[in-house]
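So the sequence lines, in the order shown, correspond to chains A and B. The numbering used here numbers the first residue of the first sequence as 1 and each following residue consecutively. The numbering used here numbers the first residue of the second sequence as 1001 and each following residue consecutively.
I should point out that these hints are in silico values taken from the structure, not numbers from a laboratory. Mixed in with the good hints there might be a few duds.
Straight line, CA to CA, 27 Å or less: simulated DSSO-like cross-link-like pairs of lysine-lysine [what the hints assert, rightly or not]:
id, chain 1, residue 1, chain 2, residue 2
1, B, K1035, A, K157
2, A, K162, B, K1035
3, A, K31, A, K61
Computed, partial: chain B to chain A, Cβ under 7 Å [what the hints assert, rightly or not]:
id, residue
4, E1005
5, V1019
6, R1043
7, P1180
8, A1252
Nothing here was measured: the structure is a model prediction, and the numbers come from that model. All C-beta atoms, glycine included, are put in the ideal place defined by N, C-alpha and C.
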Amino acid sequence: MREGTVTETMPAWQDRTDVGAPAMLFTDAVKGSSHRLIRLAYLLTGDMAEAEDAVAEAYAKVWSRFRHGQVDDLSQYLQRAVVNTVRGNLRHRLVVRRQALRAGPQLAVRPFEDRVVDRDRLWAEMLTLPIRQRTALTLRFVEDLSEQETALVLGVKPGTVKSRVSRGLEQLRGQLNRSDQHE
Amino acid sequence: MNDLERLIGESGREMSDRVSVPGDLQERIAARIVKRRSARRARALTGAVVLVVLAVGLAILTNHNHSNGTRVTFTAPTAPTQPGATASPSGTSPPGTSRTTSGLTATSASTIGKGVSPQPCRTAMLSASLTNSQGAAGTLYSHLVFHNVSTTSCTVNGYPGVSFVDGAGHQIGAPAQRAPGYGGAVTVGPGQSAGAVFALHDSYVSTASNCASTTAAGLRIYPPNETTAQFLPGQFTVCANAAANGSASVSAVTALANLPA
């Protein structure tokens, strides 16, 4: 679709700011990375509207640094911004979610037969993990980042990533087993 | 146990099918950028007001001590203009108009008695050229030089935007990627120059499978942070497919002395 020529239409922020070339580059970056970032935010929040908002906010945060040429690894910056935005919004919601999951029949909307539901159940359990563990697991296994790369995105040491991952896996495994026994 | 790791990875990636990019994402980002900016501006404004009040207060005090009966007059600075209201989309406004310092900042600066620092260079103040081209292992390195043709000093800070265009001025393929390295503002006096390293990756063009190579008629060059471009004619073999974005790269602008010989 975008072969040959790149469309000349300017993005919305172009009208309101004093920037040219960086805006062009940034537009391309938004087009190229938004789907994946929204997926990341969705996995971290479990809520699509919230995910979209978090991604829009993350782009806005990164933009001002990007236009001044202070960003060298854009995709890492964006991931970091998404993670931080989500984390800021999310803290109190964790409690609510845990209670909901314990109280009622989990995700009773659909039966646990096919794989689609399996993944829903897995991610419902993921959403009850502490956000730090969930983020580490998601970046490591869904985004397929190495321990080092995950550490850079989170701004922590690789050893911290390692322990968050192993604790997250352990807790998740425990929760899955427990809910299996209930059935 | 690797099963759970794999399950997380696979099921997480499968969630892609639930995700769609909202059509108004760019507008939403823009709205948030504007919101963040006005919040920043409000903070800056408060700071400037405090400065002005302090300066005026000092002036009144000193005046009071030195001479009796002289009135100190203070003209309120004009409010900064809203960029959105005046910026022209085509970027044809004459140099300086959309970027003049707000009355407030100018007032506080002159009240305190500091010199005026150079403004960012506008496209019309600069003349772009390519010099010092030399090939090395499939890459042609050049200096992308910005010559200050105006009569005042100005600053250049950041990455220029460089893309390839055909004879009709339509962009070909992806813009030059940003290469890390230099950074910081460079002040360019009248008649002086600053420059960036511009690299053409011939080996990429000849090997990328999705390249669709073609010949460009020239470069469209945006000086850092500018919305108006200059055209620099020249024949370049580049990838027409925007997804094959390795045809060229460009560094941030730095002093000429910093560029490799």
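Hint-by-hint comparison with the structure:
1. K1035(B) with K157(A): violated (34 Å)
2. K162(A) with K1035(B): violated (38 Å)
3. K31(A) with K61(A): holds (17 Å)
4. E1005: holds (5 Å)
5. V1019: Holds, about 5 Å.
6. R1043: Where the cut-off is 7 Å and the nearest Cβ of chain A is about 14 Å from R1043(B), the hint is violated.
7. P1180: holds (4 Å)
8. A1252: holds (5 Å)
Of the hints listed earlier, those the structure fails to meet are numbers 1, 2, 6, in rising order.
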